[in-house]
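Peer 1: Residue strings, one per chain:
There are 2 protein chains.
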Amino acid sequence: MSETSADRRPRDTEPFRTPAHVDPAGELLAVPGSLGAEGFKTLFRGHPGGVSVITAEGPDGPVALTATSVASVSVDPPLLIFSVSALSSATPAILAADTIVVHLLDAADLPLARLASTSGIDRFADTSLWTRLETGEPLFPAVRAWTRCAIVSRLEAGGSTVIVAHALQGETNRGPDDEPGALVYHNRTWHRLGDASRID
Amino acid sequence: MSETSADRRPRDTEPFRTPAHVDPAGELLAVPGSLGAEGFKTLFRGHPGGVSVITAEGPDGPVALTATSVASVSVDPPLLIFSVSALSSATPAILAADTIVVHLLDAADLPLARLASTSGIDRFADTSLWTRLETGEPLFPAVRAWTRCAIVSRLEAGGSTVIVAHALQGETNRGPDDEPGALVYHNRTWHRLGDASRID
Chain A
1 MSETSADRRP RDTEPFRTPA HVDPAGELLA VPGSLGAEGF KTLFRGHPGG
51 VSVITAEGPD GPVALTATSV ASVSVDPPLL IFSVSALSSA TPAILAADTI
101 VVHLLDAADL PLARLASTSG IDRFADTSLW TRLETGEPLF PAVRAWTRCA
151 IVSRLEAGGS TVIVAHALQG ETNRGPDDEP GALVYHNRTW HRLGDASRID
Chain B
1 MSETSADRRP RDTEPFRTPA HVDPAGELLA VPGSLGAEGF KTLFRGHPGG
51 VSVITAEGPD GPVALTATSV ASVSVDPPLL IFSVSALSSA TPAILAADTI
101 VVHLLDAADL PLARLASTSG IDRFADTSLW TRLETGEPLF PAVRAWTRCA
151 IVSRLEAGGS TVIVAHALQG ETNRGPDDEP GALVYHNRTW HRLGDASRID
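Sequences listed follow chains A and B, in order. Here the first sequence is numbered in the numbering used here, starting from 1 and rising by one per residue. Here the second sequence is numbered in the numbering used here, starting from 1 and rising by one per residue.
In case anyone wonders, no lab produced these hints; they're calculated from the structure. Beta carbons are placed, not taken as given, at the ideal position from N, Cα and C, and that holds for glycine. Be careful, since some hints might not be right.
[To be verified] These stretches of chain B come out as covered by chain A in the derived footprint (C-beta under 8 Å, 3 or more residues):
1) 47-56
2) 68-80
3) 102-116
4) 155-162
5) 169-175
6) 188-197
Based on the provided sequences and hints, a complete structural model is requested.
Peer 2: Take a look at the structure:
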């Protein structure tokens, strides 16, 4: 976060082109096969996302991870999706759980977003931050909003698993226009939405 | 967009609680069954999302829709997910397609985001805005970035379908720190990320 915009520029704005897709006249050519990993990462580096923390009770205790893939997909029934990477230490417990809690964060919740995305620490060490629902799932109750969900589908997708979850109960503590504003993750940086970011 | 913040406040910041989940002592109670539609909408009204336009070639010509659910789920293989609602006129053609184009927008692409989310108009009327790839898919080439994808999984989820797509080729025209900045949709309003929104 201490980098200046100029520091980031050389690394992050380098455009990619997949040479096999462009002939000498500049025409796009269809090719079989995949976009390369670097090209794919470059595409999505500029794609912002809302920030969530997902918790579950695992066999060895509570787990938490930070996700930017949570999206609402259906209102009736109330369904949401997200994906978890096999690289996260919390993923096995989330995949094994019947129920989870999806915490939808705003800028006041940035410390929690950082906590749940930091490797090698006990994310539940500060017992003043979390509690348990009567049903046993770990809950960080101060977040903007949360919902306890039942996992209804799991779909393997490369090194990740896409999860469809059904919202069972929930609570909204702060509305969309309340201070300090929505939290967005973009290009390894956190942003806060507000009057300064609004496009009129 | 002409509403003031004060105009929006009474409607959008009204918190919801699901009374059946809270007993008179304030304890959260587990309940069977679903979160209601209004409660679920209130949760996600405060959840921001990046903005994409998805196109496909349908039996009656090209189709386009604006989505805020696109997320990268795997780099190798390069996979992304999104959901499409049965309520969108473009959905049947997207569900029937083998390949689609996912356009990842920034604030310069806001007119396209609006075009592809407006009902009852011909989204392809201005032929100066779009072309076709050699493989036939409609492409709006001026966007920040785009990727042609093969649909590899479809999963029904309530009134929507979750799609997993494999990126075949793509191009990034603007990097994450390029002007005019990332585009975010939040609480029915568009936002632009930049130095003013960054949390240091």
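Peer 1: Among the hints numbered above, which are violated by the structure, and what are their numbers in rising order?
Peer 2: Hints that this structure does not satisfy do not exist here, as all of them hold.
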